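Residues per chain, in single letters:
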Amino acid sequence: MAPHSNSTGAQPGEPEEAPLDLHAALRLVNDAETKAREELQGNEAGVYLIWGFAWLIGYGAMHAARFGWLPLSAGASLTVFGITVLAALASTVFIVTRQRRGIRGHSSFVGAMYGGAWALGFMVMGTLAGVVGGAVDDFWLRGMIINGIALLIVGLMYMVGGAMFNDKSQAMLGILFLVVNIVALLAGPANFMTVCFILGPLGFFAGAVAETLRRRRLRNRGRV
Amino acid sequence: MAELDPVIHAESRLRAITILNEVGERDKIAFTKLRKMLDMTAGNLSTHLRKLEDAGYVEVTKTIEGRTPATYVGITAKGKAAYAQYRVALRELLTGLP
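Top to bottom, those sequences are chains A and B.
Each residue of the first sequence is one higher than the one before, starting from 148 at the first, in my numbering.
Each residue of the second sequence is one higher than the one before, starting from 4 at the first, in my numbering.
Where hints are given, some of them may not hold.
[Stated by the list, open to error] Below are the SDA-like pairs computed for lysine to any residue, each with C-alpha atoms no more than 25 Å apart in a straight line: (1) B:Lys81 - A:Leu175; (2) B:Lys39 - A:Gln188; (3) A:Lys182 - B:Ala33; (4) B:Lys81 - A:Asn177; (5) B:Lys39 - A:Arg362; (6) B:Lys36 - A:Gly189; (7) B:Lys65 - A:Ala259; (8) A:Lys182 - B:Ala84; (9) A:Lys315 - A:Ala297; (10) B:Lys83 - A:Glu180; (11) B:Lys36 - A:Arg247; (12) B:Lys36 - A:Glu180; (13) B:Lys36 - A:Leu187; (14) B:Lys65 - A:Ser255; (15) A:Lys182 - B:Ser49; (16) B:Lys83 - B:Leu41; (17) A:Lys182 - B:Leu97.
Because the hints were derived from the structure by calculation, they are not lab data.
Given the structure is predicted, the values throughout are model-derived calculations rather than measurements.
All chains should be built: construct the whole structure from the sequences, respecting the hints.
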C-alpha cells in the first residue's frame with residue numbers, strides 16, 4: 148500500500164517528521180497502547196510473585212512450627228510470618244506508588260480509597276486479633292480465627308479490586324482466596340496452615356502466570 | 004473512503020494521543036512522565052501538544068506541586084472521539100472494509 152503521507156506537513160516551529168504509512172501507523176498505535184498499559188497498570192505479575200513467596204515463607208514457617216519439620220517455636224514462626232508479610236507489603240506499596248506517580252484525577256481518588264480500605268480493613272483485623280488473642284488460649288485455634296479474618300479481607304478486596312480495575316485475574320484470585328479460606332476453616336486448627344501454605348502460594352503463582360500470559364497476548368495481539 | 008485526521012496522523016502526535024487515550028478522560032498525566040514515556044524532548048513534545056490542544060483534543064493544565072510548577076496533560080471528550088474515529092478509519096483503510 149502506498150504511504151499515506153502526513154497531509155498537514157510540518158508547520159512553522161514544528162519538528163519535521165517522515166510521512167507515516169498506514170501499516171506503520173497501526174504498528175505505532177499498537178506499540179504505544181501496549182507500552183502505556185504496561186507503564187500505567189504496572190506489573191501485577193511481580194506483585195503476585197512477591198506475595199506468593201511471602202505466603203510460602205510465612206505460612207511455611209507456621210506449618211514448620213506446627214508439624215516440627217524445622218526447629219522453630221510457634222512464636223518464632225509468627226515473627227517470620229510478620230516480617231515476610233510486612234516486607235511484601237512495603238514492596239507492593241513501593242511498586243504501586245512508583246507506577247502511579249505523575250498521574251492525577253479520578254484514578255488517584257479511586258486508588259487512595261482502595262488503599263485506604265486495605266489499611267483500615269487490616270487495622271480492624273489487628274484490633275480483632277487483640278480481642279481474639281485475649282479470649283482464645285489455644286495458639287493454633289487463635290491463628291486460624293485471625294488468619295481466617297485476614298483471608299476474608301484479602302479475598303473481598305481482591306474481588307472488589309478486580310471489579311474496579313477491570314482485572315479478571317485479580318477478581319479470580321479474590322474468589323480463590325475466599326474458597327481457600329472456607330476449605331482451610333473447615334480443615335480445622337490442625338490443618339488450617341497446611342491449606343494456606345499450599346493453596347495460597349499456588350493461587351498467587353497461578354495469578355502471576357495468568358498475568359504474564361495476558362501481557363504477552365497484549366503485546367502479540369492480532370494486527371489488521 | 005475513510006479519511007485520517009491530519010492532526011492525529013503524525014508519528015509524534017499519534018503516539019502522544021494514544022498514551023493520553025490510555026490514561027483516560029478522567030485522569031491527567033504529568034508532562035515529565037509523558038515526555039519520558041514518549042522519549043521526546045520537552046520542546047518537541049510541547050510543539051505537538053500545542054497542535055492537539057488547538058484542535059481541542061487535549062487539555063494542558065499548569066499547577067504548583069509543593070513549590071515546583073508542574074504541567075499536566077489530559078485527553079478531552081472531543082480528543083477521545085477523534086482518536087476512536089481515527090482507529091476506525093485506519094482499520095477501514097487497511098482492510099478496505101467499511
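Requested in this report: Against the earlier hints, flag every one the structure doesn't satisfy and list their numbers going up.
Outcome: Those not satisfied: there are none.
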